[in-house]
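K.L.:
Turn these sequences into a full structure, and let the hints guide you.
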Amino acid sequence: MNGKHEFFTPIDIHKLIFRIGEVSKICNVSARQLRYWDQKGFIASKRHGESSSRVYDFPSLLRIGSIKGYLDDGYTLKAAVKMTNDKQETIRNIHRFLTHAVYGVERIDGRPMINLGYFDQAKTSYLYGYLTEDEETVYRVVPINDAK
DNA sequence: TTTCTAACA
DNA sequence: TGTTAGTA
Numbered sequence: 004m005n006g007k008h009e010f011f012t013p014i015d016i017h018k019l020i021f022r023i024g025e026v027s028k029i030c031n032v033s034a035r036q037l038r039y040w041d042q043k044g045f046i047a048s049k050r051h052g053e054s055s056s057r058v059y060d061f062p063s064l065l066r067i068g069s070i071k072g073y074l075d076d077g078y079t080l081k082a083a084v085k086m087t088n089d090k091q092e093t094i095r096n097i098h099r100f101l102t103h104a105v106y107g108v109e110r111i112d113g114r115p116m117i118n119l120g121y122f123d124q125a126k127t128s129y130l131y132g133y134l135t136e137d138e139e140t141v142y143r144v145v146p147i148n149d150a151k
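Take 4 as the starting number for the first sequence in our numbering and just add one per residue.
Hints may contain errors.
Estimated spans, in silico, between C-beta atoms of each pair [to be verified]:
1) 33 to 125: 55 to 61 Å
2) 96 to 72: 19 to 25 Å
3) 147 to 31: 48 to 54 Å
Treat the hints as calculated values from the structure; they're not laboratory data. Where a beta carbon is used, it is the ideal one built from N, C-alpha and C, also for glycine.
P.N.:
Take a look at the structure:
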């Protein structure tokens with residue numbers, strides 16, 4: 004076992020595609036709305052072969068669900084799209100940061116803690132973070148030589 | 001059966 | 001946006 008599959012599976016999420024009827028049921032958005040949003044360029048869909056029927060990938064599904072959520076909150080379609088775009092950018096930034104900031108999870112003092120890399124420039128200790136039962140974020144600095 | 005486009009309510 | 005018509 005080389006551990007390559009510890010975090011990522013070989014599954015290709017781009018092969019997870021949904022037709023308009025499925026998206027409609029899953030996101031509670033009518034097919035008419037989906038075609039309209041598509042026409043306006045608010046969402047992206049690909050065409051499936053010669054049938055020319057629309058197919059949506061998983062990210063699109065999440066995007067559609069987000070727009071629908073804002074619509075239910077009372078926003079106009081245009082505003083809902085804007086909110087969704089902003090949120091996606093925020094999530095992208097957070098994801099990019101976390102991808103580089105998280106070095107793994109280690110059990111310290113019997114509790115799973117996230118290794119956030121070196122705490123100091125001299126690289127004498129690591130910064131760990133974890134969540135309490137009350138969902139409070141807590142940080143700890145642990146000398147590299149000592150306890151572990 | 002499902003989806004598509006176009007058009008009218 | 002909902003619906004309906006006529007297709008592929």
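K.L.:
Of the numbered hints stated previously, which ones are contradicted by the structure, given in increasing order?
P.N.:
none
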